[in-house]
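Engineer: In case you want the letters, here they are:
Protein chains: 2
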Amino acid sequence: MEITLVKSLYKETEKFANSSVKVSGWIRTLRDSKSFGFIEINDGTFFKNVQIVFDESLENFKDITKLPISSSLSVEGTVVLTPQSKQPFEIKATKIVVEGKSSSDYPLQKKRHSLEYLRTIAHLRPRSNTFSAVFRVRSVAAFAVHKFFQERGFVYTNTPLITGSDCEGAGEMFKLTTLDLNNIPKDENGNVDFSKDFFGKETNLTVSGQLSAETFALAFRNVYTFGPTFRAENSNTARHAAEFWMIEPEMAFAELKDYMDVAEDLVKYVIKYVLANAPEEMEFFNSFVDKGLFDRLDNVANSDFGRISYTEAVDILKKCGEEFQYPVEWGIDLQTEHERYLTEKVFKKPIFVTDYPKDIKAFYMRANDDGKTVAAADLLVPGVGEIVGGSQREERLDILEKRIEEMGLKKEDYWWYLELRKYGETKHSGFGLGFERILMYVTGMSNIRDVIPFPRTTGSAEF
Amino acid sequence: MEITLVKSLYKETEKFANSSVKVSGWIRTLRDSKSFGFIEINDGTFFKNVQIVFDESLENFKDITKLPISSSLSVEGTVVLTPQSKQPFEIKATKIVVEGKSSSDYPLQKKRHSLEYLRTIAHLRPRSNTFSAVFRVRSVAAFAVHKFFQERGFVYTNTPLITGSDCEGAGEMFKLTTLDLNNIPKDENGNVDFSKDFFGKETNLTVSGQLSAETFALAFRNVYTFGPTFRAENSNTARHAAEFWMIEPEMAFAELKDYMDVAEDLVKYVIKYVLANAPEEMEFFNSFVDKGLFDRLDNVANSDFGRISYTEAVDILKKCGEEFQYPVEWGIDLQTEHERYLTEKVFKKPIFVTDYPKDIKAFYMRANDDGKTVAAADLLVPGVGEIVGGSQREERLDILEKRIEEMGLKKEDYWWYLELRKYGETKHSGFGLGFERILMYVTGMSNIRDVIPFPRTTGSAEF
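From first to last, the protein sequence lines stand for chains A and B. If you're matching positions, the first sequence starts at 1 in the working numbering and goes up one per residue. If you're matching positions, the second sequence starts at 1 in the working numbering and goes up one per residue.
Just so you know, these hints were derived from the structure itself, not from any lab. C-beta: ideal position from N, C-alpha, C; glycine also. Among the hints, erroneous ones may be present.
Derived DSSO-like pairs (lysine-lysine); straight-line CA-CA distance at most 27 Å [what the hints assert, rightly or not]:
1. Lys-7(B) / Lys-147(A)
2. Lys-147(B) / Lys-7(A)
3. Lys-319(B) / Lys-372(B)
4. Lys-427(B) / Lys-422(A)
5. Lys-62(B) / Lys-11(B)
6. Lys-372(B) / Lys-175(A)
7. Lys-22(A) / Lys-95(B)
8. Lys-427(B) / Lys-147(A)
9. Lys-372(B) / Lys-402(A)
10. Lys-48(A) / Lys-7(B)
11. Lys-175(A) / Lys-110(B)
12. Lys-101(B) / Lys-101(A)
13. Lys-101(A) / Lys-7(A)
14. Lys-48(A) / Lys-147(B)
15. Lys-95(A) / Lys-22(B)
16. Lys-111(A) / Lys-372(A)
17. Lys-34(B) / Lys-15(B)
18. Lys-257(A) / Lys-62(B)
19. Lys-196(A) / Lys-110(B)
20. Lys-427(B) / Lys-101(A)
21. Lys-402(B) / Lys-101(A)
22. Lys-11(A) / Lys-62(A)
23. Lys-66(A) / Lys-427(B)
24. Lys-422(A) / Lys-11(B)
25. Lys-101(A) / Lys-422(B)
26. Lys-186(A) / Lys-372(B)
27. Lys-257(A) / Lys-95(A)
28. Lys-11(B) / Lys-196(B)
29. Lys-22(A) / Lys-257(B)
30. Lys-402(A) / Lys-422(A)
31. Lys-411(A) / Lys-196(A)
32. Lys-422(B) / Lys-22(A)
33. Lys-147(A) / Lys-272(B)
34. Lys-186(B) / Lys-175(A)
35. Lys-268(A) / Lys-147(B)
With beta-carbon atoms standing in for the labels, derived distance ranges [unchecked claim]:
36. Asn-234(A) / Ser-446(B): 20 to 26 Å
37. Ile-332(A) / Asp-180(B): 47 to 53 Å
38. Leu-58(B) / Ile-332(A): 45 to 51 Å
39. Phe-36(A) / Asp-304(B): 34 to 40 Å
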């Protein structure tokens with residue numbers, strides 16, 4: 001008999017009523033009394049389990065009652081509608097075959113486990129309700145991102161992860177080598193001889209695909225990256241990982257306002273798509289992980305995001321009478337406490353803060369005419385703070401060269417980036433969205449380690 | 001005036017007839033005579049250019065005639081249908097504004113350039129016809145892959161790129177470190193002290209996400225990865241890169257046959273999707289890159305793939321009378337010459353070769369009852385040879401442990417992989433498809449360096 005997927009049983013229950021089906025999956029719970037029993041199995045295709053009713057008419061009845069949780073089965077039986085029960089149907093088993101008997105020391109027994117403990121069994125945690133929900137939402141959200149951009153004609157661009165230099169001048173990078181670390185070849189000056197390394201020079205893992213993506217935007221107009229990014233920062237927080245996925249769109253013939261429009265649409269699109277395409281999982285999060293989740297997401301999906309300048313934001317924060325741990329002055333980088341105050345207490349919805357002081361922003365951001373600020377904007381959302389950062393990019397060759405020098409960077413390292421300004425510059429803008437940040441926001445999960453299948457953080461590269 | 005995208009002009013030409021529009025883009029060609037001129041501009045949204053007609057009624061007529069190729073413009077004008085010409089319409093300009101004047105040393109002049117030369121200007125080559133076509137097809141094909149799996153309920157899984165050990169035992173890996181290579185800390189035995197490294201131990205870049213993906217298949221049933229993979233192999237060929245993208249589906253409750261069905265459907269789906277969604281680009285490849293392309297792709301998309309065993313394949317090759325460079329005996333790994341002979345000369349369509357000798361395949365492939373072969377299958381296609389490799393995975397704990405020992409690997413390194421067999425094993429299968437391999441096949445491009453935006457190969461990590 002052909003296998004029927006549990007997802008189909010839930011989606012077309014009426015169709016299967018009173019008919020014979022065969023399902024396969026893993027035991028989530030098993031209860032039995034003397035002559036009959038109940039098994040909930042999950043077959044991986046759907047968040048919810050199917051209840052199997054079995055009794056002593058089965059020749060292997062006794063063996064089945066003794067099966068450990070997580071044993072895999074195939075079950076033939078009749079679909080019986082149970083409109084008066086919690087679950088809309090159950091399967092009355094006529095035959096149960098054990099595919100793989102689990103061991104009685106299976107760590108995911110019915111009791112609730114801490115998220116910290118579940119991280120130590122990352123190979124098994126997707127079998128729990130919480131992580132089944134998290135990682136299916138991760139998949140649905142990733143597809144939403146691709147769908148959003150493809151529908152708008154953006155070209156998906158795979159920028160390289162291995163880079164020849166720290167081009168963004170941003171933060172700590174992982175070095176990459178095939179040299180024997182026990183016996184590093186040295187040149188005549190006693191320095192590492194990278195000419196003997198795989199690429200013939202020093203290489204690192206990228207911290208951002210932005211500069212590469214700009215080259216493609218100046219050919220395809222609208223492009224996006226969606227891939228892994230790395231930071232070797234020694235920060236042991238709930239929001240930082242050494243390996244994470246970034247979405248970095250770049251748009252030619254686009255100003256700061258255009259980036260904000262696209263970013264606002266993207267965030268709303270992903271939220272709506274996930275709510276529509278993973279409703280069982282989202283109900284679970286709203287009930288068991290974050291009781292205010294649906295209210296928060298509805299608010300974001302249905303409000304027009306606010307837009308204020310950094311200078312206005314600083315004014316508001318200075319006059320609001322709130323005691324901040326980190327005092328506010330024009331010129332500081334806003335801290336999470338400031339960001340959350342603005343979005344949660346003042347605006348009560350997501351806001352873009354625009355036109356930051358140039359000294360706290362990257363060299364490639366477009367200089368405003370005031371000589372003090374750049375055309376940058378961060379998106380702040382209630383409950384989290386910053387979730388998107390972006391800017392108009394400096395397209396004027398002379399100003400860009402001057403900024404590179406001011407920041408103590410080397411022009412030669414950016415020869416190809418500068419040539420984009422030499423050969424048909426246009427206004428262009430782009431932004432970066434940490435995929436895990438939006439996942440945490442959409443699911444209510446509060447630790448980045450719990451939205452990445454096998455997280456890599458300071459001191460930890462297990463599995 | 002709002003900007004109209006060139007793609008819209010081509011898709012809804014009738015709608016725009018005789019109306020005023022504004023477009024922006026980069027000059028691809030410019031010709032002028034005394035009182036009028038023609039510019040072809042490309043705005044990045046569509047493979048084809050738009051012809052702009054301008055004359056001396058424009059106040060900046062003279063300046064425009066002197067603009068270098070690749071200068072960026074915005075143009076206002078009237079859409080005029082030209083059914084008698086090569087292009088279906090042109091724009092009669094009423095105003096042309098220069099956004100960014102290019103430099104006259106712009107390297108992509110009209111003459112044809114070699115692919116080798118274009119690799120040295122990887123930041124500009126997407127502006128050429130060939131690479132505009134390649135990288136839009138790359139984007140369209142990537143989306144096809146996601147769409148295929150999402151429509152079938154597969155969960156997209158981001159397996160880690162940083163790994164704690166060489167778990168597949170496959171090939172050379174890149175080491176990853178934050179240690180100071182000029183001053184490597186040593187332990188008391190004089191070896192590298194990895195406890196001082198970022199993760200507190202030795203780490204590498206992954207060569208495959210398969211083992212991690214299996215953990216997710218045993219929770220979600222059907223999953224796929226689609227992400228970067230790395231090989232530090234010193235092989236300077238047209239088919240190998242150090243960084244490339246892999247698609248690795250894993251399916252629980254699935255046998256070898258099920259993997260072959262899904263892989264066959266996937267290859268056909270991607271081909272059909274690209275032909276339907278990038279028709280201009282595919283026409284270009286068929287006309288200028290590979291004149292037999294459409295015939296070849298039609299053959300693949302519309303034939304039932306053949307399936308023969310390795311043992312049958314060896315028999316055919318031994319009896320065929322062909323002189324091979326590498327002689328055929330049962331037990332050898334098939335070479336590209338053998339694979340191409342089978343698929344091009346014998347079957348004249350794609351074939352799966354199944355049940356390879358266990359000694360030439362990986363430890364995780366399921367042992368067949370004959371004691372000599374494993375339930376593996378490679379997909380061979382005309383013109384290329386192997387394009388997909390996969391197998392049923394060994395789900396029997398005792399046999400898997402024995403294989404790990406036989407291969408000289410350490411069981412401790414695979415504790416979590418082995419636990420998948422302990423806690424509810426099921427039959428399961430999966431495969432790997434190199435994304436660049438299928439791109440080369442679909443476009444007719446013959447060097448992997450020409451289907452990756454910024455390729456990384458032995459000795460080369462430019463840009």
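Engineer: Does each hint hold? Answer for all of them.
Structural biologist: Now the hints, each set against the structure:
The hinted pair formed by Lys-7(B) and Lys-147(A) meets the criterion: a straight-line CA distance of about 18 Å does not exceed 27 Å. Distance check on the hinted pair: Lys-147(B) and Lys-7(A) sit about 18 Å apart at the alpha-carbon level, within 27 Å; holds. For a cut-off of 27 Å, the pair hint linking Lys-319(B) to Lys-372(B) stands: about 22 Å separates their Cα positions. The suggested pairing of Lys-427(B) with Lys-422(A) is violated, with an alpha-carbon distance near 58 Å, which exceeds 27 Å.
For the suggested pair Lys-62(B) and Lys-11(B), the alpha carbons sit about 33 Å apart, so the restraint of at most 27 Å is broken. Restraint check for Lys-372(B) and Lys-175(A): the C-alpha separation of about 43 Å exceeds 27 Å, so the hint is violated. Taking the CA atoms of Lys-22(A) and Lys-95(B), the gap is near 69 Å; set against the 27 Å cutoff, the hint is violated. As the CA atoms of Lys-427(B) and Lys-147(A) are separated by approximately 33 Å, the hinted pair breaks the 27 Å bound.
Among the hinted pairs, Lys-372(B) with Lys-402(A) is inconsistent with the structure: their alpha-carbon atoms are about 68 Å apart, more than 27 Å. Between the alpha carbons of Lys-48(A) and Lys-7(B) the distance comes to roughly 44 Å, so the proposed pair goes past 27 Å and is violated. Of the pairs offered as hints, the one joining Lys-175(A) and Lys-110(B) is violated, with about 40 Å between alpha carbons and a cut-off of 27 Å exceeded. For the hint linking Lys-101(B) to Lys-101(A), the alpha-carbon distance of about 71 Å lies beyond 27 Å, and the restraint is violated.
Straight-line distance between C-alpha atoms of Lys-101(A) and Lys-7(A) comes to about 24 Å, which keeps the hinted pair within the 27 Å bound. Restraint check for Lys-48(A) and Lys-147(B): satisfied, since their Cα atoms lie roughly 24 Å apart, inside the 27 Å limit. With a C-alpha separation of about 69 Å, the suggested pair Lys-95(A) and Lys-22(B) falls outside the 27 Å cut-off, and the hint is violated. For the suggested pair Lys-111(A) and Lys-372(A), the alpha carbons sit about 58 Å apart, so the restraint of at most 27 Å is broken.
Between the alpha carbons of Lys-34(B) and Lys-15(B) the distance comes to roughly 33 Å, so the proposed pair goes past 27 Å and is violated. For the hint pairing Lys-257(A) with Lys-62(B), the CA-to-CA distance comes to about 34 Å; that exceeds 27 Å, so the pair is violated. Among the hinted pairs, Lys-196(A) with Lys-110(B) is inconsistent with the structure: their alpha-carbon atoms are about 39 Å apart, more than 27 Å. For the hint pairing Lys-427(B) with Lys-101(A), the CA-to-CA distance comes to about 13 Å; that is within 27 Å, so the pair holds.
With a C-alpha separation of about 20 Å, the suggested pairing of Lys-402(B) with Lys-101(A) holds against the 27 Å cut-off. Only pairs whose Cα atoms come within 27 Å are accepted, and Lys-11(A) paired with Lys-62(A) is rejected, the gap being roughly 33 Å. Restraint check for Lys-66(A) and Lys-427(B): satisfied, since their Cα atoms lie roughly 22 Å apart, inside the 27 Å limit. A distance of roughly 32 Å separates the Cα atoms of Lys-422(A) and Lys-11(B); the hinted pair therefore is violated under the 27 Å criterion.
Between Lys-101(A) and Lys-422(B), the direct Cα distance comes to roughly 8 Å. Compliance with the 27 Å bound is thereby established for this hinted pair. Proximity of Lys-186(A) to Lys-372(B) is assessed by CA-CA distance (about 48 Å); at most 27 Å being required, the pair is judged violated. With a CA separation close to 63 Å, the supplied pair Lys-257(A) and Lys-95(A) exceeds the 27 Å bound. With a C-alpha separation of about 59 Å, the suggested pair Lys-11(B) and Lys-196(B) falls outside the 27 Å cut-off, and the hint is violated.
For the hint pairing Lys-22(A) with Lys-257(B), the CA-to-CA distance comes to about 19 Å; that is within 27 Å, so the pair holds. Straight-line distance between C-alpha atoms of Lys-402(A) and Lys-422(A) comes to about 15 Å, which keeps the hinted pair within the 27 Å bound. With a CA separation close to 26 Å, the supplied pair Lys-411(A) and Lys-196(A) stays within the 27 Å bound. Distance check on the hinted pair: Lys-422(B) and Lys-22(A) sit about 24 Å apart at the alpha-carbon level, within 27 Å; holds.
Restraint check for Lys-147(A) and Lys-272(B): satisfied, since their Cα atoms lie roughly 18 Å apart, inside the 27 Å limit. Distance restraint check for Lys-186(B) and Lys-175(A): the Cα-Cα separation of roughly 18 Å lies within the 27 Å cut-off, and the hinted pair is therefore satisfied. Our distance criterion of 27 Å between C-alpha atoms is met by Lys-268(A) and Lys-147(B), whose separation comes to about 21 Å. At about 45 Å, the CB distance of Asn-234(A) to Ser-446(B) disagrees with the hint of 20 to 26 Å.
In this structure the supplied range 47 to 53 Å is violated for Ile-332(A) paired with Asp-180(B), their Cβ-Cβ distance being about 33 Å. At about 50 Å, the beta-carbon gap between Leu-58(B) and Ile-332(A) stays in the expected band of 45 to 51 Å. The given range of 34 to 40 Å is broken by Phe-36(A) and Asp-304(B), whose C-beta atoms sit roughly 47 Å from each other.
The structure does not agree with the numbered hints 4, 5, 6, 7, 8, 9, 10, 11, 12, 15, 16, 17, 18, 19, 22, 24, 26, 27, 28, 36, 37, 39 stated previously, though it agrees with the rest.
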